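If you read the protein sequences in the order shown, they are chains R and Y. So for the first sequence, the UniProt record's numbering puts the first residue at 1; every next one is plus one. So for the second sequence, the UniProt record's numbering puts the first residue at 1; every next one is plus one.
Hints listed in this document are in silico derivations from the structure and should not be mistaken for laboratory results. Owing to the predicted nature of the structure, the values given are computational and were not obtained by experimental measurement. Mixed in with the good hints there might be a few duds.
[Claimed, not checked] To give a feel for the contact side, a few chain Y residues facing chain R, derived at Cβ under 7 Å:
no. : residue
1   : Ala-4
2   : Ala-38
3   : Leu-48
[Stated by the list, open to error] If the Cβ cut is set under 8 Å, some of the chain Y residues that face chain R in the computed set are:
no. : residue
4   : Val-11
5   : Ala-52
6   : Gln-58
7   : Ile-63
8   : Val-67
9   : Ala-70
10  : Ala-71
11  : Ala-73
12  : Thr-77
13  : Ile-78
14  : Arg-82
15  : Val-84
16  : Lys-85
Cβ coordinates follow ideal geometry from the N, Cα and C atoms, glycine included.
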Amino acid sequence: MFDTILDALAVICLLLAAMLSAAAGIGLLRFTDSLSRLHAATKPQIFGLLLVIAAVAIDQRSLGVFLALVPVFVFQALTAPTAAHMVGRAAYRTGQLDSRTILVDELGPAVARATAKAAEQDREQALAEAARDREIEAELAAERDAERDRIKPVRPPTLS
Amino acid sequence: MTFAVLMFVLVGVGLTFTALAALVRIVRGPTILDRMVASDVLLTTVILALGADMVARQHTDSIPIMVAIAATATFATIVVARYVKRRNELEVSDSVGETEHV
Chain R
1 MFDTILDALA VICLLLAAML SAAAGIGLLR FTDSLSRLHA ATKPQIFGLL
51 LVIAAVAIDQ RSLGVFLALV PVFVFQALTA PTAAHMVGRA AYRTGQLDSR
101 TILVDELGPA VARATAKAAE QDREQALAEA ARDREIEAEL AAERDAERDR
151 IKPVRPPTLS
Chain Y
1 MTFAVLMFVL VGVGLTFTAL AALVRIVRGP TILDRMVASD VLLTTVILAL
51 GADMVARQHT DSIPIMVAIA ATATFATIVV ARYVKRRNEL EVSDSVGETE
101 HV
């Protein structure tokens, strides 16, 4: 009896994971821009995987199997948000989003500010580098002059 | 028993549908980002299918490959997302001679 319930529980977990996954598939097919598709795609990556891990552990009824499955979830939980973040960042900055569906865009001014700041820093750095180059140039010229002045008085010895 | 079989058939149908939808999006996706998101979904579906197979056939042989896929699945996405550029930057870099794929 207990075994039957546990087996049914495992299979139901699997079914829920498959439904989440199918929802992600529908979202991939029907959503209109990259960000929406990303939203749909990241659902089964964490919760669906959690359900499948629970299903396997329940089905095997073993703590060892559960402990062996924990790294799967840890790695996925570490890497999936990173990838989603990178894709979202790239999608926003390349303008691949449906701007009609956005009510408030708080990221736009922030990106503009950051870009302006970076440009300002670049300009300042270029100016500083140019000034330093001129300084070094002047120093070198002065050294060269000094060298010439020092060398000039030395005449080849005359034979008289 | 028939309940379990029916459930496994439903699970298989759901996962197959997801894999096919991801493939369709990989082929049709207008931008490289859509394709990378879809390939992520495809790999996640592979992990889920491996787990479902372990439950259906009562074994634990697939756990190492699940760990490997979960650890490395998103490298490609991260790498590609770093190199996506805006279209007007693209034209400039095209004239410079770099190749980009968006």
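Hint check:
no.	hint	verdict
1	Ala-4	6 Å, holds
2	Ala-38	6 Å, holds
3	Leu-48	5 Å, holds
4	Val-11	4 Å, holds
5	Ala-52	5 Å, holds
6	Gln-58	7 Å, holds
7	Ile-63	5 Å, holds
8	Val-67	5 Å, holds
9	Ala-70	4 Å, holds
10	Ala-71	4 Å, holds
11	Ala-73	7 Å, holds
12	Thr-77	4 Å, holds
13	Ile-78	5 Å, holds
14	Arg-82	7 Å, holds
15	Val-84	4 Å, holds
16	Lys-85	7 Å, holds
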